[in-house]
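There are 2 protein chains.
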Amino acid sequence: MSEQAMRPGAKGGTEAAGLPGNESLIPQPHLRKSFSEAHLDFDKQGGLVPAVVQDHRTREVLMVGFMNPEAWEKTVRTGLVTFWSRTRQTLWTKGETSGNSLRVRRLWIDCDSDTVLAEVDPKGPTCHTGARSCFFEEIVDA
Amino acid sequence: MSEQAMRPGAKGGTEAAGLPGNESLIPQPHLRKSFSEAHLDFDKQGGLVPAVVQDHRTREVLMVGFMNPEAWEKTVRTGLVTFWSRTRQTLWTKGETSGNSLRVRRLWIDCDSDTVLAEVDPKGPTCHTGARSCFFEEIVDA
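Same order as they appear, the protein sequences are chains E and X. Under this note's numbering, the residues of the first sequence are numbered 4 to 145, in order. Under this note's numbering, the residues of the second sequence are numbered 4 to 145, in order.
Since the hints were derived computationally from the structure, they do not count as laboratory data. Any given hint could turn out to be false.
Each pair may be met inside one copy or between any two copies, as identical chains are not told apart.
[As the list claims (entries may be wrong)] The list that follows gives simulated cross-link-like pairs (lysine-lysine, BS3-like), each with its CA atoms no further than 30 Å apart:
no. : residue 1 : residue 2
1   : Lys-77    : Lys-47
2   : Lys-126   : Lys-36
3   : Lys-77    : Lys-126
4   : Lys-36    : Lys-77
5   : Lys-47    : Lys-36
Chain E with its partners taken away, still in its complex shape (with noise of 0.2 Å):
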């Protein structure tokens, strides 16, 4: 889909979206695409992309790590999201140690093709504290 089909007049668009509650005007397009039409970015960063894990039920924002191509290979190939390690520089699939695991119902790259959003049925905790989620630390004034 091009740039200009997915943006039915900006004018229109931006109009829309300045209303509350009008957000949902705004379009969202939906391609797909095969793991080998999808040609990841990895060089922007290191080798590395970074990979949002999504609750597919209650979409909270449960952890984010990252994925080298191997990592994001074997993450697609076995549904179980798998990692990068940067600090023990292996493959970690989550839940290999902990039972926590991660099991991929949709898998989204984004627009630049350098960031992965993975959304997922979470197999208890997924932050290593026992928490839900590792996001339960608000920063709460200026």
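Please build the complex by placing chain X on the supplied structure of chain E, with the hints as guidance.
Quick look at chain X alone, frame taken from chain E:
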């Protein structure tokens, strides 16, 4: 809050989590820190942390960018999501040219203090293509 306090019996938590639909039983602590108390770890990745942007109302993941310390400080201070543009090597307050800004509603950092989650009210489409979210390309098979 200590790790122990956040994990009311690892076994119980894991068992509850094993039952489909019982993820809400997994504890989700909620800590609050001021900007000055929060110490984001920018060293892990050459001075940058990934920042996930999520629609506050719909919980849709809209985009992922990177922040350096100045971008993080400006985001907190102004309430408008600001990134470090890796390609342009400059601070970039989303919407400064397009008008499609991201007004912060809640800010979170993760358990390792190396990732930001910004819940926002988006103004207009977030993606430069005119799409609501940058994640519109689904990987559908291996």
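Check: Of the numbered hints stated previously, which ones are contradicted by the structure, given in increasing order?
Finding: none
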